[in-house]
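Peer 1: Spelled out, the chains give:
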Amino acid sequence: GNSVTQMEGPVTLSEEAFLTINCTYTATGYPSLFWYVQYPGEGLQLLLKATKADDKGSNKGFEATYRKETTSFHLEKGSVQVSDSAVYFCALTGAAGTASKLTFGTGTRLQVTL
Amino acid sequence: KAGVTQTPRYLIKTRGQQVTLSCSPISGHRSVSWYQQTPGQGLQFLFEYFSETQRNKGNFPGRFSGRQFSNSRSEMNVSTLELGDSALYLCASSYGTQNTEAFFGQGTRLTVV
Numbered sequence: 185g186n187s188v189t190q191m192e193g194p195v196t197l198s199e200e201a202f203l204t205i206n207c208t209y210t211a212t213g214y215p216s217l218f219w220y221v222q223y224p225g226e227g228l229q230l231l232l233k234a235t236k237a238d239d240k241g242s243n244k245g246f247e248a249t250y251r252k253e254t255t256s257f258h259l260e261k262g263s264v265q266v267s268d269s270a271v272y273f274c275a276l277t278g279a280a281g282t283a284s285k286l287t288f289g290t291g292t293r294l295q296v297t298l
Numbered sequence: 002k003a004g005v006t007q008t009p010r011y012l013i014k015t016r017g018q019q020v021t022l023s024c025s026p027i028s029g030h031r032s033v034s035w036y037q038q039t040p041g042q043g044l045q046f047l048f049e050y051f052s053e054t055q056r057n058k059g060n061f062p063g064r065f066s067g068r069q070f071s072n073s074r075s076e077m078n079v080s081t082l083e084l085g086d087s088a089l090y091l092c093a094s095s096y097g098t099q100n101t102e103a104f105f106g107q108g109t110r111l112t113v114v
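In order, the protein sequences belong to chains A and B.
Going by the numbering used here, the first sequence opens with residue 185, and the numbers climb by one from there.
Going by the numbering used here, the second sequence opens with residue 2, and the numbers climb by one from there.
Bear in mind the hints are in silico, worked out from the structure with no lab data behind them.
Glycine is no exception: its CB is placed at the ideal position from the N, C-alpha and C atoms.
Among these hints, one or two may not hold up.
[Said to hold, decoys possible] For lysine-lysine, the following DSBU-like pairs were computed, each having C-alpha atoms within a straight-line distance of at most 30 angstroms:
1) A/240 with A/261
2) B/58 with A/236
3) A/252 with B/14
[To be verified] So the derived list for chain B, only partly shown, Cβ under 8 angstroms to chain A, looks like this:
4) 39
5) 40
6) 41
7) 44
8) 85
9) 103
10) 107
[To be verified] The following residues of chain B were derived to be distant from chain A, with all beta-carbon distances above 12 angstroms:
11) 21
12) 64
13) 74
14) 112
Could you build all of it, start to finish, from the sequences and the hints given here?
Peer 2: What follows is the structure in structure tokens.
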């Protein structure tokens with residue numbers, strides 16, 4: 185079945201540091217890939233997405249590129265802020281290519297300090 | 002446009018009781034999915050409804066059930082609650098079922114004592 189593997193956290197960075205959170209996946213067919221963010225006490229917010237190979241999703245300074253050859257979708261940001269502290273989840277759609285069943289990674293907690 | 006609304010936000014129940022959680026999707030969205038989030042198991046898919054029909058179901062016991070109404074609002078029910086059912090239950094809505102974005106509510110925090 186489908187699966188998503190994320191790097192273990194927590195990740196602790198100083199403000200303005202460069203961020204990379206690794207994500208690799210196993211899936212049949214051609215899934216869409218997503219990054220969601222969860223702030224304390226909140227639900228999930230869609231951060232960015234990519235629907236086909238070589239697509240780059242971007243939002244709020246975050247970027248991720250759909251790499252089919254390495255089955256990866258790593259999240260990057262050039263300069264993190266304290267307000268980016270949250271848990272980040274990599275996810276993919278079900279094998280049928282629908283958004284109806286998301287498979288999530290375990291999440292990576294990011295803590296940004298001054 | 003209002004987002005996904007889940008009620009109640011917090012709930013405390015006793016073992017053996019049953020509980021019903023509610024989710025109102027974004028206006029115009031017809032697909033509603035439910036997820037369970039726990040520290041040990043992470044985010045796990047429960048089921049998905051589209052136009053009042055269950056389309057997908059995750060690997061949960063029959064104590065977990067759901068339904069969707071004609072206005073797309075959805076409810077999930079858990080009967081004979083166990084301590085392990087304590088979790089954050091998240092609802093997500095999307096417009097359709099083909100590569101459309103899923104928008105999540107803030108969740109219902111269920112504590113079973």
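Peer 1: Does the closest beta carbon of chain A sit nearer than 8 angstroms to the beta carbon of residue 85 of chain B?
Peer 2: violated, 18 angstroms
Peer 1: Run the C-beta distances from residue 112 of chain B to all of chain A and say if the shortest one exceeds 12 angstroms.
Peer 2: holds, 14 angstroms
Peer 1: Does the nearest C-beta of chain A fall within a distance shorter than 8 angstroms of the C-beta of residue 107 of chain B?
Peer 2: Where the cut-off is 8 angstroms and the nearest Cβ of chain A is about 4 angstroms from residue 107 of chain B, the hint holds.
Peer 1: Is the interface hint satisfied for residue 103 of chain B? The criterion is a beta-carbon contact with chain A at less than 8 angstroms.
Peer 2: Holds: closest Cβ of chain A sits about 5 angstroms from residue 103 of chain B, inside 8 angstroms.
Peer 1: Let's test the interface hint: is any C-beta of chain A closer than 8 angstroms to that of residue 44 of chain B?
Peer 2: holds, 4 angstroms
Peer 1: Quick check on the hint: residue 40 of chain B CB to chain A CB, less than 8 angstroms?
Peer 2: violated, 10 angstroms
Peer 1: Holds or violated: residue 39 of chain B as interface residue toward chain A, Cβ cutoff 8 angstroms?
Peer 2: Interface hint status for residue 39 of chain B: violated (11 angstroms vs cutoff 8 angstroms).
Peer 1: Would you mind confirming whether the straight-line C-alpha gap from residue 240 of chain A to residue 261 of chain A stays at or under 30 angstroms?
Peer 2: holds, 13 angstroms
Peer 1: Examine each Cβ of chain A, and state whether all of them lie more than 12 angstroms from the Cβ of residue 21 of chain B.
Peer 2: holds, 19 angstroms
Peer 1: CA of residue 58 of chain B to CA of residue 236 of chain A, is that 30 angstroms or under?
Peer 2: holds, 26 angstroms
Peer 1: Does residue 41 of chain B hold up as a contact with chain A if the rule is Cβ-Cβ below 8 angstroms?
Peer 2: violated, 10 angstroms
Peer 1: Are the Cα positions of residue 252 of chain A and residue 14 of chain B separated by 30 angstroms at most?
Peer 2: violated, 45 angstroms
Violation of the numbered hints given earlier is confined to hints 3, 4, 5, 6 and 8; the remaining hints are satisfied by the structure.
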